[in-house]
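K.L.:
Here are the chains, one letter per residue:
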Amino acid sequence: MVPTATERPGGAELVPAQPLLKIENLRTHLHLARGIVRAVDGVDLAVAQGETLGVVGESGSGKTMTSLSILRLLPKPMGRIAEGSITLDGTDLVRLSEEEMARSWRGRKISMISQDPLTSLNPVFSVGDQVGAPLRYHGLARSRRSLRETAVGLLRRVRIPSPEKRLDDYPHQFSGGMRQRVACAMAIACAPRLLIADEPTSNLDVTIQVQMMELFRELQAETGLGIILITHDLGVAAGICHRIAVMYAGRVVESGDVRDIYRRPAHPYTQALLAAIPHLGGGRRKRLQAIPGMPPSLIDPPTGCRFAPRCPHRMPRCADYPPSFQVGPTHKAACWLAEAGA
Amino acid sequence: MLRMRAHALAAVTLAGMTAPALAQDAKGSLTVAFAAEGTVLDPAKYSAGVDHYFIGQMYEQLVRPGLNLEPTNWLAESWKVTDPETKPVLEVALRKGVTFHNGDPLTSEDFEFAYQRLRDPKVSRWSHLQANVERFEIVDDHTFRIHFKEPDGDYIAQWLQLWAVPKKYFERVGEEGFTKAPVGTGPWKYVSRSVKEELKLEAYDGYWNKQHRPKVKNLTIKIIPEDLTRVAAFKTGAVDWIDGVPPSMVEEFKTLPGVKTLSVVSGNNLYIDFPSYKPDSPFNKVKVRQAVAHAVDMDAIIKTVLFGQGERYAEVGKGATGYDPDLKPYPYDVRKARELLREAGYPSGFETPCYNLTTPREPNVKEMGEAVFAYLGAVGIRCRVQGLEYGAWINLGRRGRSGPPEMDGVLSWMWSQNLPGDPATPWGGHLHSFVAGKGWGSYSYTADEKADAMVEQLKSTMVPEKRVALIKEIARYKRDNVLGGWTTYRPVITLAWRDKVEFTPWAYPGYWRGFQEIGLKQ
Amino acid sequence: MVGFVGKRVLHGLVSIVGASILIFVISRLSGDPIVLMLPVEAPPHVIEAMRRNLGLDLPLWRQYLIFAGHALTGDFGMSYRWQTPALDLVLDRLPATIELAVAGLVFSVCLAVPLGVLSAVHRGSWIDTVGKGFAMLGQAMPGFWVGLLLILVFSIRLNWLPAFGHGGISHLIMPAIALGWYPVAAQTRIVRSAMLDVLESDYIRMGRALGAPERVLVWKYAFRNAAVPLVTMLGVYFASMLGGAFVIEVIFAWPGLGRTVVEAVFSRDFPVVQAGVLFTSILFVTCNLLVDLSYGLIDPRIRRDG
Amino acid sequence: MAEGAFAQAQPAGPPVAQSRPRFGRVRRLFRNGLPIGPLLLFGMVVIAGLSGDGLAPHDPGALNLGAAFRPPAWLAGGSAAHLFGTDNLGRDIFSRVIVGANIALVVAAYAIVLSGTVGALVGMVAGFFGGAVDALVMRLVDIQMSIPSLALALVLAAVLNPGLSTVVIVITITYWTWYARIIRGEILSLKERDYVALARVAGVSTPVIFARHLLPNILNTLLVLATLQIGQVIIFEASLSFLGLGIQSPDVSWGLMLADARNYIQNAWWAITIPGVAIALTCLSANLIGDWLRDTIDPKRRQL
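Protein chains in written order, with this note's numbering: chain Z, 1 to 342; chain F, 1 to 522; chain R, 1 to 306; chain B, 1 to 304.
FYI, nobody ran anything at the bench for these hints, they're computed from the structure.
Hints may be right or wrong, so weigh each one.
[Unchecked claim] With a straight-line cut-off of 35 Å between C-alpha atoms, the simulated DSBU-like cross-links for lysine-lysine are: (1) F/K45 / F/K149; (2) F/K80 / F/K96; (3) F/K45 / F/K180; (4) F/K167 / F/K210; (5) Z/K76 / R/K7; (6) F/K303 / F/K287; (7) F/K278 / F/K328; (8) R/K132 / Z/K165; (9) Z/K109 / R/K7; (10) R/K7 / B/K191; (11) R/K132 / Z/K76.
[Stated by the list, open to error] Distance ranges between label pairs, derived from CB positions: (12) R/R157 / F/S263: 53 to 61 Å; (13) B/A76 / Z/R80: 53 to 61 Å; (14) F/L262 / R/D75: 43 to 51 Å; (15) Z/Q173 / B/A109: 32 to 40 Å; (16) F/K500 / R/V102: 46 to 54 Å.
Quick reminder that beta carbons are idealized off the backbone N, C-alpha and C, glycines included.
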């Protein structure tokens with residue numbers, strides 16, 4: 001069931017029906033010895049209930065730092081949220097204390113699946129213990145026996161074969177795909193509202209990737225779970241996301257429905273990314289275009305459009321900082337080229 | 001048949017010895033601590049003086065030194081030696097009514113059994129002491145005679161050698177069984193032992209000597225070699241009696257409230273030896289040896305290095321057989337020492353190796369050695385000091401052996417004359433010249449015919465008066481010519497116990513650690 | 001699993017036999033024991049008789065064969081000094097040394113683990129420096145000196161602890177401290193760097209993302225991973241405890257094997273030296289083997305392919 | 001495919017040099033500056049040591065029975081003549097501590113050089129050639145490792161008649177296995193590196209491979225091992241001297257001073273405290289320098 005987007009007059013961002021998560025003007029800085037890295041430099045995002053938002057971009061574009069900001073798990077002591085708000089179900093997470101964040105939000109309302117299944121499970125504890133852990137953290141476990149039953153249920157839900165027998169096995173006795181499923185079971189243990197999946201499938205081979213996507217879709221359908229899928233792989237994003245946000249150098253340069261982004265990419269960077277995806281078939285043998293140059297340093301980022309130095313359509317106007325132009329009902333792009341179509 | 005005049009006193013049964021004092025059963029328990037541990041619990045297997053600490057509590061001999069060191073008949077009611085100069089026969093009459101801890105009565109067979117085991121080199125390490133005994137004759141249950149091939153003065157000097165061991169019990173339980181549960185006639189009965197940790201004893205109710213007996217039921221002897229730890233154990237009340245109060249703490253212990261101390265000579269005789277037998281060695285000249293005797297301020301060393309825990313002696317210590325109060329040790333006189341060196345042909349002195357024992361067999365023996373060598377250096381006998389731990393030290397001192405090069409300089413040495421002391425055996429070992437294969441002079445660096453003759457004669461002098469006179473003569477000759485080394489001091493040990501403990505010190509066996517009479521004040 | 005154990009046991013046996021040969025030969029060179037056993041005035045023929053009696057006049061290799069032959073049947077010869085079977089002496093004293101070595105190890109681990117974890121969790125803070133400083137101090141002070149000072153303060157001055165002997169826990173405290181303080185620095189370093197790695201791992205960040213309280217994360221999930229490298233080294237540290245016990249036992253009058261061997265060396269009591277050192281190395285080899293086998297308990301991955 | 005943080009596949013037995021990509025980064029972040037304090041402290045010990053008894057105000061061996069148990073200068077009854085007071089024989093403790101530094105350095109220097117060279121050579125040979133040689137060496141190392149070091153030292157010292165040279169020999173025999181084991185591990189990991197394999201393929205002779213490729217890396221580790229060993233050697237010598245089998249008087253060593261002073265702990269606490277503090281400060285500074293060296297030169301060696 002694809003959520004219907006309703007028009008919000010004048011809003012730059014077409015807001016989905018019931019906003020689950022709303023990020024406004026988020027700035028997250030890393031205070032390092034060599035200077036302040038403005039990893040996230042004014043990001044606006046939103047995720048609706050039951051919607052999957054794909055956050056796409058090269059590494060260092062700030063997508064992971066954004067997800068860590070949502071969970072308030074920035075690396076201590078360097079990471080700090082300088083500005084902006086992250087509102088989930090009406091509560092601004094940035095104002096919460098660390099204890100409160102841990103006690104009632106992390107793992108309870110928001111949870112995460114990390115990238116590498118090999119290392120995301122504790123090697124010296126049984127799978128049953130780790131899957132049951134979130135329930136213990138949030139006081140949802142009545143007795144040991146009921147905890148085991150819940151854990152078996154969770155494992156069955158993520159399609160782990162004969163879960164009762166595997167409860168006391170250890171992570172190294174599971175394949176990569178299986179381990180990611182266990183991680184997923186841990187993530188949904190307390191029926192969270194939002195799931196942040198940081199490159200969940202990049203370490204898996206393709207067949208497993210498809211199964212994982214299938215799993216996410218089922219979970220979402222069942223629980224109305226909001227999902228933020230962070231990936232550098234546009235192909236994977238296309239498969240599952242309802243909406244896509246493309247990030248470059250700490251900024252959202254384009255966002256919109258998945259159809260708009262793939263058919264009518266308005267921002268040169270998005271166009272370049274799409275050109276870099278190898279297409280099966282498609283007749284013409286097109287050489288894959290690599291994007292020249294390197295993403296800018298985030299310590300003293302260039303003024304104006306940050307993609308300008310690598311942008312084939314560079315114009316003098318690009319020296320000024322391009323606002324987000326509305327190029328479609330739910331489609332925005334931060335590029336002067338898009339100004340014409342607004 | 002010349003009766004033993006000197007021992008006439010001994011022949012008479014001591015007044016009151018057998019009067020049955022009302023021996024109420026002893027109660028209570030006491031914990032004491034020794035610095036060193038006896039190794040064996042079988043008198044025949046005794047190897048060194050330290051073994052007396054345990055053997056002395058459980059076993060007894062025929063004769064022993066009394067409270068003021070005079071010879072006292074113990075298990076022997078009376079004894080006499082006939083034809084002491086030609087073919088001596090020692091006849092002993094045993095005390096009646098004496099029983100072993102397991103109730104067996106003491107009889108002559110027990111002593112014959114003890115004699116047989118002492119003769120056998122596979123059992124005893126002192127088999128050579130029985131060399132002069134021809135045969136052992138049992139007259140009746142309480143009388144036996146020992147026939148000698150030739151006169152043997154040492155046999156008498158060491159309390160007639162034999163320890164009472166229960167023959168029937170030993171043969172029943174065998175050697176293994178006996179070491180696990182030893183039985184003797186002594187005041188203390190064996191309870192249990194944990195090597196290096198403790199020996200538990202119990203007062204023997206049926207003990208024959210009602211007058212001198214323990215007045216406490218249980219005794220635990222703890223073994224704490226480390227001085228500091230032993231003192232801490234005493235101060236914290238974990239133990240009520242300790243031996244070997246470190247010299248540096250004797251003054252402090254004397255002032256401690258509720259603590260009594262006793263400082264007594266330990267029976268060991270220390271001296272400095274040098275190769276006077278070697279013609280090419282400076283110590284071959286008597287003037288050099290006399291210079292050594294004058295060069296060291298032994299009294300200052302005793303006062304500071306040994307904290308007063310030493311007693312000067314000239315050849316024979318106070319209380320020992322043949323002690324001559326008129327024989328004085330050499331005075332400290334640096335000018336005389338240098339003059340003697342000049343006369344001996346060494347105006348600017350000479351270099352010599354000096355060997356010092358570093359293992360504390362006697363308290364502060366290492367520091368004492370260092371101090372002596374420093375004084376020698378001051379008069380021109382310049383020492384190249386080398387420290388030796390006990391094993392290496394004994395190996396170096398021995399004459400006529402393979403291994404490390406012969407001792408070629410000044411050597412800090414010691415030779416116990418036991419308590420109350422008899423110099424015959426020690427002189428046989430380091431005054432008499434070294435004779436390979438004969439057993440004379442095994443650690444001797446002296447070669448003097450006159451001294452050799454006198455020492456050999458002493459060996460066969462059994463008549464006490466003659467023995468004393470001969471010892472005095474040898475002592476004077478030894479002192480004047482500084483033969484067999486220069487005598488320095490006899491170590492003094494200090495014991496300490498709490499007021500609540502009633503302790504009467506007996507010198508032998510156990511070298512003051514015998515608990516013949518110990519108890520708790522009621 | 002069996003192949004792995006078999007190989008290790010074989011290595012252990014080779015080490016033990018090798019150790020027995022090494023100690024046998026060296027102790028034989030340390031001078032003549034007869035002179036120390038017999039009284040000073042014993043005549044030469046008695047000395048020769050004793051030497052023949054003990055078989056010390058035979059060539060060295062034959063003496064070893066006789067010793068090895070008897071040792072296999074449990075007869076390690078009679079102690080020259082105590083004149084009791086050397087084996088009994090050693091076996092009586094071995095438990096006390098094990099007790100002390102274990103106490104020392106427990107003390108050092110109980111100190112090193114919290115220090116290591118805390119200084120890793122609070123890296124760079126004052127806890128880190130104080131922790132490391134305390135651990136470094138232990139590595140800079142000879143055990144016997146620590147022992148002496150402890151006796152001076154806690155026994156003589158404050159009279160809190162018994163200065164000697166063997167008995168309840170109170171007897172164990174000071175010797176364990178004197179023995180155990182030395183390896184604390186090295187153990188802390190191992191736990192600290194292992195902990196630093198683990199705290200940055202994905203599964204810890206995953207745990208945090210699931211709302212785990214910091215205490216549970218550090219002391220349950222992170223700690224067991226960080227303990228693995230320390231456990232692998234426990235065998236080596238137990239051996240250093242055995243070595244260190246030799247001096248500590250002398251000071252605290254601890255009736256252990258260490259003190260027995262020290263005194264046996266001084267009195268050239270070959271049977272006791274051989275039996276004592278041999279059993280210490282058997283103890284060392286077995287405990288190393290046990291530590292290797294125990295990997296499986298702590299680290300499940302080993303169990304599968306161990 | 002990003003490589004996992006670190007795969008915790010634990011080899012049986014203590015891990016030989018286990019490389020950790022992430023680890024290096026953490027350490028370099030916290031590379032501490034030059035350890036000024038320890039360098040200064042150790043420098044003082046070296047100066048005192050090299051000067052023999054030049055710096056000592058009195059003859060360290062001179063007895064002065066009258067002036068026994070003088071407290072240090074800063075205490076009541078102390079005199080400036082004897083800065084650290086005197087011991088039971090009236091000898092000046094300050095002079096003895098200085099001369100003690102000399103013995104400590106001499107023992108440490110000889111022992112480290114000897115055990116280092118022997119251990120490194122054996123370790124390199126065993127590591128490089130492997131096979132039977134390696135197995136033999138490792139068994140030898142195991143045999144010696146299975147005897148507690150102090151027990152071995154005791155028996156050796158009784159054989160060789162105690163003194164300075166005996167202490168050095170005993171320490172060498174005890175510590176060479178430590179070097180051999182670690183250098184062998186280092187060689188095993190270096191051998192796998194491509195440039196060594198390439199050199200061998202290119203027909204470069206073994207000694208040249210040793211000299212050009214293996215030795216430079218080994219020197220790093222040896223330097224770290226040596227500094228870490230200084231502290232251990234001094235403590236080892238002190239323990240030997242304490243038992244009476246180490247340095248013998250008239251030579252002066254801190255361990256020996258402790259052994260002599262232990263009976264006078266009541267009358268002269270300074271006699272047993274000051275040499276101990278000297279040992280502690282020297283070892284502490286040596287260990288800190290060793291740690292700093294290890295952190296900067298060779299972060300992987302954290303297990304030492």
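K.L.:
Against this structure, judge whether each hint is valid.
P.N.:
Hint by hint, here is what the structure shows:
no. : hint                        : verdict
1   : F/K45 / F/K149              : holds (25 Å)
2   : F/K80 / F/K96               : holds (18 Å)
3   : F/K45 / F/K180              : holds (14 Å)
4   : F/K167 / F/K210             : holds (25 Å)
5   : Z/K76 / R/K7                : violated (47 Å)
6   : F/K303 / F/K287             : holds (27 Å)
7   : F/K278 / F/K328             : holds (27 Å)
8   : R/K132 / Z/K165             : violated (45 Å)
9   : Z/K109 / R/K7               : violated (53 Å)
10  : R/K7 / B/K191               : holds (25 Å)
11  : R/K132 / Z/K76              : holds (22 Å)
12  : R/R157 / F/S263: 53 to 61 Å : violated (26 Å)
13  : B/A76 / Z/R80: 53 to 61 Å   : holds (59 Å)
14  : F/L262 / R/D75: 43 to 51 Å  : holds (45 Å)
15  : Z/Q173 / B/A109: 32 to 40 Å : violated (54 Å)
16  : F/K500 / R/V102: 46 to 54 Å : violated (38 Å)
Of the hints listed earlier, those the structure fails to meet are numbers 5, 8, 9, 12, 15 and 16, in rising order.
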